[in-house]
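Q: Sequence lines, in order, name chains B and X.
This note's numbering applies: residue 2 is where the first sequence begins, and numbers increase by one.
This note's numbering applies: residue 2 is where the second sequence begins, and numbers increase by one.
No wet-lab data here; the hints were simulated from the structure.
Remember, it's a predicted structure, so these values are computed and weren't measured experimentally.
Treat the hints with care, since some could be wrong.
Just so you have them, the derived chain B footprint on chain X, three or more residues with Cβ under 8 Å [what the hints assert, rightly or not]:
1) 330–337
2) 538–550
Counterexamples of contact, computed for chain B against chain X with all Cβ distances above 10 Å [as the list claims (entries may be wrong)]:
3) V66
4) V246
5) F286
6) G398
7) T522
In this text, a Cβ means the ideal position worked out from N, Cα and C, and glycines have one as well.
Protein chains: 2
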Amino acid sequence: MSFTPPTAEQRFLLDHIVGIADLAAHERFAAATPDLVDAIVEGAGAFAAGEYAPLNRAGDEIGAVWNDGVVTMPDGFRQAYQAFVANGWGSISAPEAFGGQGLPNVLATVVMEDLGTANMGFSLVNMLTPAAIEALIQHGTDAQRADWLPKLVTGEWNGTMNLTEPQAGSDVGALKTRATPAEDGSWRIAGTKIFITFGEHDLTDNIVHLVLARTPGAPEGTRGISLFIVPKIRLDGTPNDVRCVSIEHKLGIHASPTCVMAYGDKGDCHGWLIGAENGGMRAMFTMMNNARLNVGLQGVQIAERARQQAAAYARERVQGGQPIVAYPDVRRMLLRMAALTQAARALVYYAGGQLDRAHLGDGDAQARLDLLTPLAKAYGTDVGCEVSSLGVQVHGGMGYIEETGAAQHFRDARIAPIYEGTNGIQAADLVGRKLGLEGGAVFAALIADIRADAVPELAVLVDAVERAGATLATTSAEDRLAGSYPFLTMLSVATCGWLMARQARAAEAADADPAFLALKTAAARFYLERIVPEAVGLEAGATGGAALLYAVDAEALG
Amino acid sequence: MSFTPPTAEQRFLLDHIVGIADLAAHERFAAATPDLVDAIVEGAGAFAAGEYAPLNRAGDEIGAVWNDGVVTMPDGFRQAYQAFVANGWGSISAPEAFGGQGLPNVLATVVMEDLGTANMGFSLVNMLTPAAIEALIQHGTDAQRADWLPKLVTGEWNGTMNLTEPQAGSDVGALKTRATPAEDGSWRIAGTKIFITFGEHDLTDNIVHLVLARTPGAPEGTRGISLFIVPKIRLDGTPNDVRCVSIEHKLGIHASPTCVMAYGDKGDCHGWLIGAENGGMRAMFTMMNNARLNVGLQGVQIAERARQQAAAYARERVQGGQPIVAYPDVRRMLLRMAALTQAARALVYYAGGQLDRAHLGDGDAQARLDLLTPLAKAYGTDVGCEVSSLGVQVHGGMGYIEETGAAQHFRDARIAPIYEGTNGIQAADLVGRKLGLEGGAVFAALIADIRADAVPELAVLVDAVERAGATLATTSAEDRLAGSYPFLTMLSVATCGWLMARQARAAEAADADPAFLALKTAAARFYLERIVPEAVGLEAGATGGAALLYAVDAEALG
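Excised from the complex, chain B in its bound form (with noise of 0.2 Å):
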């Protein structure tokens, strides 16, 4: 299946919902004019679209092939991969002093949404590296953003996250990999590290590990925990001791390899310290700030991706003397698929747009942009999986049959709910810490601007969503976490309702292709009037209480 980029939609959520004539407005990014701009969704779209996406079953059926440490990708993967450098896809929000041409992150977003779209797996290696170049930026010294930074804005280098240990998941605090002084000032560092994607390949010349360890005396938990940078090959060309002892055999998105990493197995891997000792969790939190809106962003790809597979087909299969896409059930399908997507894209996108006006030195921004973080990352990928969960039934018996390639993304999908924080820690995140952000202020401003724009579908909810907000903010932490899924649901699909229904005002003046406005206004209908009832429910789950799940043993759990 070959995929159509959704260059209108990006276009028109970049002007409605991220505001990009404002962004443009401010110096910093005056670059970012309308041409520009048309340029990369534009171009993006057509690369991604034609280098990316025929790889996208090569991927998924041969993989990623480990063989005595060295990881294979399937032929092609190389060269699309130096396209992608060639392009100069890779440094679109890079600072300028670093060979990046200075543009608004949410114009990345863009370049990493098609690139998804076309090849989940595969762009995984261009999502982790603008996360390890924000840790350099935020958390470097001027030498090492120097030495670092310049190859891994190109991408000719690309940037990994070293996070967990077989012990060490959710919780991090618990790792155990060592840095200990090395006469140079350089640290030695000793652990092996899971889950590390494209922690080994053959796609470029050298990889740059962020590796969380532990130096001598360091405190318990996370505390205690510093940033190193440990590169495949040293700055002076000779190879570091790291390994790639394997590669995990995974449910889908076979085309990332997701190594176990061996440093310093011959006592002889370097590392350098990133920011200050016992700093780590700080510049751990950049990435993974980062990195949570593009996973996100994933849940918005692998549906966009099955939604119109799913409706190419259901208007070629025929059955009972007309195409399936006629049939009642079968449009509800495609229209929630496309609703979701959109809704899911736009608070994506709207995060994307706070996190610019925070780089511009908007407090509110950066505060919106925290509280949004979690429920950007748990509701985009949940919407993935349903999505393509739905794309698999608009397929009927063909769905289950692996060459139509629905079961792949309905599989590929499912890693966004986990990776990067499970959906559960963004949850308690969100009731943790973001909820009461300022006294509260942050949540209440959000809530404030959904009711002034007085959307009449919203008023249920909105009213649902309060309640179960201020019940939680003086709850006891159990309860709190307890209720803290549905409340992310709840509060997510208020925010999307609103979020849709100023596309919906949009789309009333836009100037536009007649059949996208009509999707749009469809979609934004569809969400409003079917699915944000849907969530109303969810209060009962968020408000309940955590005595009832504690009210049988572990044990007795089955």
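Chain B is already provided as a structure; the job is to place chain X on it using the hints.
A: What follows is chain X alone, placed relative to chain B:
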């Protein structure tokens, strides 16, 4: 992962939801004494856990293998199947006249549940034979019953259902397989069937295909379809002209060969008509209704397996100094999984009890069964998908690694909403045929029964279901179909809520394992207090009509 047969749960349902004692009070089922019921519940669970469960991973990883028309199952499958035959597990509910035990069908449901929980793909060979038996009992001649039933009843031969052709999926009436009279009173069959479960394998010495075909001059569509017995080996011992051309490469249930079957490639495939010429649809519905309850049961099976595995993992996996089962959101997922699994099981068992009452001549029970069959199939399988997805989530990153096994359940579960009539077809059946049965009296009687139990947590949902049912009964066919799926879910949740409330009341007075009763009570509360409210919001979709779905051209859907 091992699995523990849910014997206490099954026994509780038989007592309190099925009313097994009432069934045994009838002469026909007098053999179903409490001791025999206990022996079946315990014995089937032990058999499934001992013989079928250990083959589940091999079934997935190796699966059925096709080579030049021959399908080979992995090591151990033939022995396990032979043990199934030797133990008589296939003969529970078949008539004594044909070697069966003449027991209530709901006891065969217990056996089928355990086999499928142990090994869903493998158990499909056991699932379709009863459908063939039922078709022969209801529509075959005495001679046909004498010829074919004994070895189908023991399981020495298995039965298959041959409906689908490449152009004829949900639209069965479009099939093209031909049957022409042969000189010896049989029919010559010619055509290709796809998606034939266990159409070829090495478990049995013969395979009895029930094949839908058209006779010369038959009317168009479903009124011109006849059903034929087409054995792999004819009764005289000669091979029939039947060949498995290939098997599908599927997302899951790899232990179940999904066959493309060629009938009559050499012009020498003989079949024998079952029932009247052009009466095939009636016979097919006999098979399908039987199979639909069993597919609903598959949702329960895979949910149970996923649930047990997730609960065990959550007790073992330590993060932050305690097993993850201690965390509220993990507990929320596990209790939700338990509540959904129990609810779906209650629905399927309750429907199964109605089937046995119908066999005793109870017309009201037949009518209720007709109403509940699409609910049991669709909601049961939706639950299987949701619970197996939650099972992946509880495992975190390990859930995405195939070796863990959680992903297999997620893949296996996804077929059930598709086959035996997609869930969309079930929803269409509900609003198109079942809602209006006896002028709506069948639906009204169910609602009245639910109301009679006066469960406060159900009041709002039942009101909404009743309103939606009234709307759908009087609206256009298109609007009815547009709302069919949300309506099916609402009605399913209301019915399940009722059955869960009845169980919670029974648990108050029951003499059973305290841990079992504690989970039963908590699951019922979770279902009533937190899941039931979620279904209320579906009213908007159920009654919103079709106009919005057609507001966008098919082309503009993307």
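Q: State the violated hints by number, sorted upward, taking the hints as numbered earlier in the document.
A: Violated: hints 6, 7.
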